[in-house]
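Chain residues, written in single-letter form:
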Amino acid sequence: MITLESVEKWYKRTTDNAVHALKDITLHIPDNEVICIQGPSGSGKSTLLSIIGCLLAPTSGKAIINGKPLSRLPDRFLTLYRRETIGFIFQRFHLIPGLSVTANITIPLLPLGISPAERRQRAERQMARLSLSHRRDFDIAHISGGELQRTAIARALINDPPIIIADEPTAHLDEQLSNHFMSIIAELRSAGKTIVIASHDPRVTDHPVVDRCLRIRNGRLAGAKT
Amino acid sequence: MGGLRERKRNMLTDVWSIGLLSCSAVTLFLMLVGVKTGWRILRFWNVDSDSELQIRLEEEVYLSAVLVEFGFAVQLLSVVMLVLAADYFSTILVGAMCAAGSLTANGYGIPALLVKLVTLFLSAAWIVCHKLDISSEYYPLVKRKYLLLFGILPLLVLDSTLLFLYLYNLEPDIITSCCGVLFSDQDSNGYNLLNVMPTSGLLTLYGALVIMTAFLTHQMSRQVGKTGAVAPLTAVSALGSWAGLYFFSLVVITVYTSPYVYAMPHHRCPFDLLKAPFQMVGYPLYFFLHGSVIGGFSCAVAALVEKQKGLAESSARLRRRAGRLSLIFLALLLLMIVYQPLIYWFRGGEG
Amino acid sequence: MAFDNLNRQINILDYALGSLWRNRFKNCGVLLVFGLVIFIIASFRLVTSSLDNAAEQLLTTVPDITVQKMTAGRQDVLQYGDIEKIAVLFGIKEIKPRIWGYYFDEVNGANYTVIGDAAFHGREQLPGLSIVERPGERLSQDLSPVAAGQSVISGRNLQGRSSFSLFRPDLSLKSFYLSGVFLEATSLVTGDLMVMEIKAAADLFAMGDDELTDIVVSVGNPAEIETIAEKISELIPGSRVITKKQIRKTYRAAFGWRSGFGLVCLLGSVAAFVILAWDKASGLSEEQMREVAIVKAVGWQTADIMSVRFWESVVISILAFILGYTLAWAHVLWFDGLLFKPILLGWSVLNPPLSLLPVFHLADLLLIFSISILPYLAATVIPAWRSALVRPDSIV
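Residue numbers (the numbering used here), protein chains in the order written: chain Z, 365 to 590; chain U, 16 to 366; chain C, 547 to 942.
Isolated chain Z, as found in the complex:
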């Protein structure tokens, strides 16, 4: 479950370039819900995603992610928590060129001291689930757009996190791949994950798997649409 209460986020607060990115955000996302966050560029959507995704701590207010209060957690602890709790799927996938599909998928496991054998095993499980096994040793520069997307998803799932965050996942995908992505989201939802998607693509916002949509504008949340 994700709970934000009166969360505020400031950047460069003590300078002349202070930015008040989030204003009094209160939000409650129960377990196993799929919610969509819509908002134009500069609305604070990325900041909100970053706080939910444990990439940033709020300036003030309460943020409890999966039972852990993050309100003022030092960066190091945020990272430690993030690696176990959050799987992030980035807008442009952000895979590392020069590495194979397997190596990209297992990147989150390296600093945990997990052995190569176990890493491979876990990667195989995700690749089997996402039909990527035949591409395991391919450099990501030599795979298709859909395979890139599935590789990014596999990486997000490698630690079996309870919360998945996807940032504009269909922005650079065609109809077929977008539909495929949403079918994977439905599967993850069935598997008990809580999913937060930032998107203004109707293929996402109008999809039946989405429980509700929230709008953010100028750092504030508008009413929910279900």
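Hints are not guaranteed to be accurate.
What the hints assert, rightly or not - Some residues of chain C that are not near chain Z, with every Cβ distance over 12 Å (derived):
hint, residue
1, 617
2, 625
3, 705
4, 753
5, 790
6, 812
7, 815
8, 882
9, 907
10, 929
11, 942
Said to hold, decoys possible - Taking lysine to aspartate or glutamate pairs in the EDC-like style, the calculated list, with each CA pair at most 16 Å apart, reads:
hint, chain 1, residue 1, chain 2, residue 2
12, C, 745, C, 757
13, Z, 376, U, 67
14, Z, 432, U, 152
15, C, 745, C, 850
16, U, 146, C, 850
17, C, 791, C, 770
18, Z, 426, U, 63
19, C, 642, C, 610
20, C, 639, C, 610
21, U, 51, U, 73
22, C, 745, C, 780
23, C, 631, C, 780
To be verified - Here are some, though not all, of the chain U residues that point toward chain C, as calculated from beta-carbon distances under 10 Å:
hint, residue
24, 27
25, 28
26, 34
27, 35
28, 38
29, 40
30, 41
31, 44
32, 78
33, 82
34, 91
35, 92
36, 108
37, 324
38, 328
Hints in this document: simulated from the structure, not taken from any laboratory. The structure presented is a predicted model; accordingly, all values stated were derived computationally and were not measured. Virtual Cβ for every residue (Gly too), placed ideally from N, Cα, C.
Here the structure of chain Z is known, so what remains is to put chains U and C in place on it, guided by the hints.
Just chains U and C, lined up with the frame of chain Z:
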């Protein structure tokens, strides 16, 4: 072969000197940067803030930790190199038979070595504090550990200065002492450093110190009392006890063990143990000595800070692990100290 | 927990190797320059230590104690009677008279070292010096036997003939025949050396029958050399008594000085390299910064990224060391250390044909490490940290 007049020459350009001074320069550089970040942290640190400055300072904590750890490793190397260099210099200095003679060729050698050892232990203590500090969300030790760093820096400057003066004042044609004179049991010429007491008395005292230290460490390394914390008095006593044990171990190794290793009753030298003809037995011996003392210090430091916010669990864990490790190393050290004399006695030596 | 940490480091090393390979062109540049710096330092050290070894070879020929006479600060002659004075000392194994001087050859401008040895009569082997007998015969009893070094033979054109003459101080000729030749392997010691009978040397230098330049003493117990040397100096007023140990220390001091001086000059190259390393480590491409942001976003900490950079530096250091040291070894073994030999060998008119043999010393390893690898690693710490400062939320 022409004239053989020995000319005074400056040893600073000797290869060993350059290597040692290079190590010193690197350590000083690393620590100066560490102190600079420490200064910023002490001024601006606010763990409740989410400002970019605070995030930056949290990152700088990592940097200073890496710098101190690196500095510690270099200092360790530097101690070994100083002893090896002194051994080499003994082939150039008149009258010096080994490293002991070289190090006493002027008044700066032994102090340089001692200051290096002190900085080594303080750096180890800093690293322990740091590991504990970052285990808590509240960074409870952050200010204290950087104050400690500020205390280490002048010692490093002193170390570099003493090292430079030692090397600068080495003159190949000055007669120096040798270990046979320095560490001998005869009081003939006032150069004896270790003629503090008869060997039997020394061993008795040492044994008592070992027992006390082991007891205190054992007390610290187990769960104590309802709170699980160790009494500060126990921890402080352990610190003192380990420091005393370190000093007396060096004395016992020099005065008691080394003659048996060399099979020469008047050859008492703590440095020749590192040489190949004696199976380099000095390396494991000093490894166990320093390992046990650092483990003991770590255990005591962990016990002292255990009540700080957020440190209960990690301090207790470190206290138990470090305590046990130090006792294992202590046992191995004692085994090595008595091994050669025991072999000698079993085989039926003199008397 | 320690095991997990070890696994973590192995994983990170694995990643670091991949990262190095992905940026191989940039890293190659640093590797080559670093390898060159290590090559220079290692060559210098290998040449020095092989010369040191050669000097040790020389020292096998040096007696335990050499006694000379000094008058007004200059070397003077001893008498045979001084030998009897020394002989009374306990612990002496052997005492021999010796004449040792220098002969200036006007024909080729060379200075030969002449040793008149009481034990030499033409066919004897001398301690530490291997002599190969020359075939051919002694043409006349007036010719004194001589064992000579390679430089003497080439200087006097003795390859095809046995007899030659040298001038006495009164310009009369003294004739010799070549009874033996010193092996080329001992050239450093024997290149310019002529060993002859002691009477022949006295004749050549027009010294009196009772006169000598040195008395050489062998001592039974090496531990007593210094004590006996002290007693000799008391027995013979005005004498200069030199022990083998003192000669060794002087050679060490001379080589150590030259080597150290050379290294000080080379430190400039090390400094330049360290600055280059800092610069390279600081210049992260956009691609690399993005990669750091990605790994941080998926759960890597700053410490993990610094570990990657550390391992990258260590791998480069190891490869550079292997490259530099191997090339240095080849430089000394196959090319005779031609870059540095002139600096270390000095002013000798006769350059002996000396083959250098590189010798591995752990001490050299430590020195190369402390002078080059350590500064390199230190220079990359701060840039490594800075590279890890990229915010993970920057890619959201």
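Would you check the hint for residue 432 of chain Z and residue 152 of chain U, treating anything up to 16 Å between C-alpha atoms as holding? Given that 16 Å is the threshold and the Cα spacing comes to 13 Å, the pair holds.
Double-check residue 324 of chain U for me: the hint is only fine if its C-beta lies closer than 10 Å to a C-beta in chain C. Since the shortest Cβ distance to chain C is 22 Å, the answer is violated.
Just double-check residue 942 of chain C for me: nearest Cβ-Cβ distance to chain Z has to come out over 12 Å. Nearest chain Z Cβ is 5 Å from residue 942 of chain C, so the label is violated.
If you take the shortest Cβ to Cβ gap from residue 108 of chain U to chain C, is it below 10 Å? holds (8 Å)
Need the status of pair residue 745 of chain C, residue 850 of chain C: alpha-carbon distance at most 16 Å? Not OK: residue 745 of chain C and residue 850 of chain C at ~80 Å, beyond 16 Å, violated.
Are the Cα atoms of residue 639 of chain C and residue 610 of chain C separated by 16 Å or less? holds (10 Å)
Does the claim that residue 790 of chain C lies off the interface hold, with its Cβ farther than 12 Å from every Cβ of chain Z? holds (59 Å)
Is residue 146 of chain U close enough to residue 850 of chain C, meaning Cα to Cα at most 16 Å? Given that 16 Å is the threshold and the Cα spacing comes to 15 Å, the pair holds.
Residue 328 of chain U as chain C interface residue, shortest Cβ-Cβ below 10 Å: violated (13 Å)
Mind checking the CB of residue 91 of chain U against every CB in chain C and telling me if the closest is under 10 Å? violated (12 Å)
Can you confirm whether the C-alpha distance between residue 791 of chain C and residue 770 of chain C stays at or below 16 Å? Status holds; Cα separation ~12 Å.
Given the hint that residue 631 of chain C pairs with residue 780 of chain C, does the C-alpha gap stay at or below 16 Å? The hint holds at about 11 Å.
The structure does not agree with the numbered hints 11, 15, 22, 34, 37 and 38 stated previously, though it agrees with the rest.
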